[in-house]
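Quick note, the sequences are listed as chains A and B, same order.
The first sequence begins at 1 in my numbering and counts up one residue at a time.
The second sequence begins at 1001 in my numbering and counts up one residue at a time.
Everything labelled a hint here was simulated from the structure, so no lab data went into it.
Keep in mind that a hint or two might mislead.
Unchecked claim - No farther apart than 20 Å at their CA atoms in a straight line, the calculated lysine to aspartate or glutamate pairs in the EDC-like style are these:
(1) 372/A to 40/A
(2) 420/A to 1076/B
(3) 91/A to 1069/B
(4) 302/A to 1069/B
(5) 58/A to 40/A
Claimed, not checked - Which bits of chain B does chain A cover? Going by a derived footprint, with three or more residues having C-beta under 8 Å, they are:
(6) 1113–1123
(7) 1176–1190
(8) 1194–1206
(9) 1240–1250
(10) 1271–1279
No residue lacks a Cβ here, since even glycine has one placed at the ideal position from N, Cα and C.
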Amino acid sequence: MFRSLIAATLALAAGLSAAQAADIRVACYSDGNECEATAELSARFMKENPDINVVIDKMAYTAILESLPVQLAGGNGPDVARVTLFGTVAKYFLDLTPYLKDPAYWETNFGGSLSWMRKDAADKGIYGLATQMTVTGPIVNKSLFDQASVAIPGPKATWDDWAAAAQKVAKATGTPYGMAWDRSGHRFAGPAISYGAKYFNADGSLAVVDDGFKAMATRLIGWANDGTFEKDVWASAGGGSYRDAFNEFANGKIAVYLSGSWQVTRLQKQIGDAFDWVVAGNPCGPAACSGMPGGAGFVAFKGTKHPKEVARWLEWLASAPVYAEWMSMTSNIPGHAGLQKGGVTYHLTPAGNAAIKAFSANAPAISPVAYKLVGSPLSGSIYTASAERISQAMSGQITTDQAFARVTQDLADAAAAARK
Amino acid sequence: MTPLTTLFGVVMNLPERPMRWAQGRLREGRLGWVFVAPNLAVFALFSFLPVAIDIYYALTGGTALLPSERPYVGAENFSSLLVCDNYFDADSCRRDVFWHGIWNTLRFVVFQVGLMLSLSLVTALVLNRKIIGRGFFRAAFFYPVLLSPVVVALIWKWILQREGVLNAGFASVGAAPVNWLLDANWAFFWSVFVSIWAHMGFYTLILLAGLQAIPAEVHEAASMDATPPFRHFRKITLPLLMPNLLVVLVLGLIRAVQMFDEVYVLTGGGPGTATTFIVQYIYKTGFADQVRQYGLAAAASLLLAFVLLGLTLVQLKGMRRGA
């Protein structure tokens, strides 16, 4: 009697343990509604796969930037996280290849974004799934341009042309500033590359401050000082901290705003019918008419106890119908090559739809230098140093030449520390 | 005797035997260590161990978080922080942001502590008098202390930003708006102002308690001798308030050297590095930059710790002298 009671208890415990779902914890941040959409889709996934429990922990973008590397180093990280600066946490990535049913599908459809998650060209691992592709570009307050009777600059117009047009609009309409850019070295890099910045030597070593970089930085500081560019966004913050100029644009305080495709949902929601806005092609320089590519992705980490389950969940999200639905829900440009050719139906306003199309149309003009920069493990340090030092020069604390010398020194220090 | 008191007696007598035994074995002098051992263990775990870890990180380099993965670099982090052509010109230093942080912190300490001490003293003196609505004013001055530093900074940011309340007020009287947080001097001024506004109530309270502890007879005797008010303040009130003033001074100094949260939210350390303080540099270097230089941040925090240690010693010396 006693033996059979023990046997029954053990059998029950074993059964319970088998029935217990594997928890996958996902650290997620939202540009718009990415975490909410992922949670909604994951609820469907969990119904189909009752042995897996996906928990989406929504957090601030800065928490991902600042806390995630510490958590991972301490061995307390999540199973999966939504990341933009892949190089920061690349050493903790889990190669999903052995757990995927069809790795070739990933290579064919997500090849571009997979390379950003890899350490170098020799690395062939599959570490995660792009949750969106982003492209930067100028967003224009068309109502202000119409009101000022100034034509929006055409496809081959340079940044100088754009600055002049924006300034003309600002003067004619009594708008405080013509132009503003997000305070970000990433945003600065597109125009700099257009003006010839290479960021790297031929051997791949860092060479950030060259003639192209100097040309654009000098222009930007000049625009800030002559009132064309809204100085507040860059100069009133310290360090390399990110600050967007979204509210200034949404409140009709600037005519041209350099940001990216991830803002579309916010733009249509917050601006509504207040004024007409359009996305234009990226302004040109002597070298290119480039914006910056970018993207975020769900990456899996080595510390997970459920690699198979993580792979199953990501594989389900990556399947074309689910991925298309996901992109439609979040109004993002897909990282899926097949769907990039028009496989996503967006539920946006006409302005929103036109903006997504315009951003997508900017993608082919992106310079190879921009892709190389985004894939660099030191990209975050390059962006930080650019924003911090250009801001200092803008506020008059240091000269432009001192800013260039400081960017070079900061990056040499960062590279040396990363090598140790 | 109730069963409860019996039980209480038994429980209270339980340690007697082991204590007698310990007293016999360890003697009276060493027995004290047994009593302080639990506290010492807590201190060791939460104070001494973090300091030891900080020292270890300051002597190692690289970007790895785990101590075992960090290479020993000796004093390299300290020397990197201290390389300067001219210590009075932060831009001539290799780690210019660190030195801007040092000089900004020193400037902040001088202005913020000096002004806060004076204003707290004046406020305490006024609130110690029998004025109408004394209770209300005491609560009003103390209220900002109850607010979270982030809330304080956000409130003032809304007031001071270009489209903020202050500029709206200026616009309503036809005055031109001012970019309060874009000008280095204004940004620094508002950092000092907001910090005083947020903390003055606490120090006023300490000084008010000190004023109320001065025996009324002393004041009465001075009045009977027809002592002029300023002389009364200088020769009676101020000396008797000195212990409280010393506490306020040292607490204010330590808080000012550690300033981070309010100013970080208000100005982000800008414009440029105009309001970047030393703690923000430590945070940025160790936790916000993409390449995290924990060793450098640890070295900077140790230098800060030496400054705070110095201030604490001044306080101890002052208190002993006062006693």
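Quick one: see if chain A covers the segment 1194–1206 of chain B, three-plus residues with Cβ-Cβ under 8 Å.
With 0 residues closer than 8 Å to chain A, the segment 1194–1206 of chain B misses the three-residue bar; violated.
Pair hint outcome, residue 302/A versus residue 1069/B [Cα-Cα no greater than 20 Å]
18 Å, holds
For the pair supplied as a hint, residue 91/A and residue 1069/B, confirm whether the alpha-carbon distance does not exceed 20 Å.
Measuring from Cα to Cα gives roughly 14 Å; hence the hint holds.
Coverage of the segment 1113–1123 of chain B by chain A (three or more Cβ within 8 Å)
With 0 residues in contact (Cβ-Cβ under 8 Å with chain A), the coverage given for the segment 1113–1123 of chain B is violated.
Between residue 58/A and residue 40/A, does the CA-CA distance stay at or below 20 Å?
13 Å, holds
Please check whether the segment 1176–1190 of chain B has three or more residues whose CB lies within less than 8 Å of a CB on chain A.
Since 5 is at least three, the answer is holds.
Using a Cβ cutoff of 8 Å, are there at least 3 residues of the segment 1240–1250 of chain B near chain A, or does the coverage claim fail?
This one is violated; 0 residues, fewer than the three required, reach chain A with a Cβ under 8 Å.
20 Å Cα cutoff - pair residue 420/A, residue 1076/B
Holds, because 13 Å separates the two Cα atoms, which is no more than 20 Å.
Agreement of residue 372/A and residue 40/A with the hint, judged by alpha carbon distance not exceeding 20 Å
Distance of about 34 Å is beyond 20 Å: violated.
Given that the segment 1271–1279 of chain B was listed as covered by chain A, double-check it with a C-beta distance under 8 Å for 3 or more residues.
holds (count 6)
Hint compliance for this structure: hints 1, 6, 8 and 9 are broken, all remaining hints hold.
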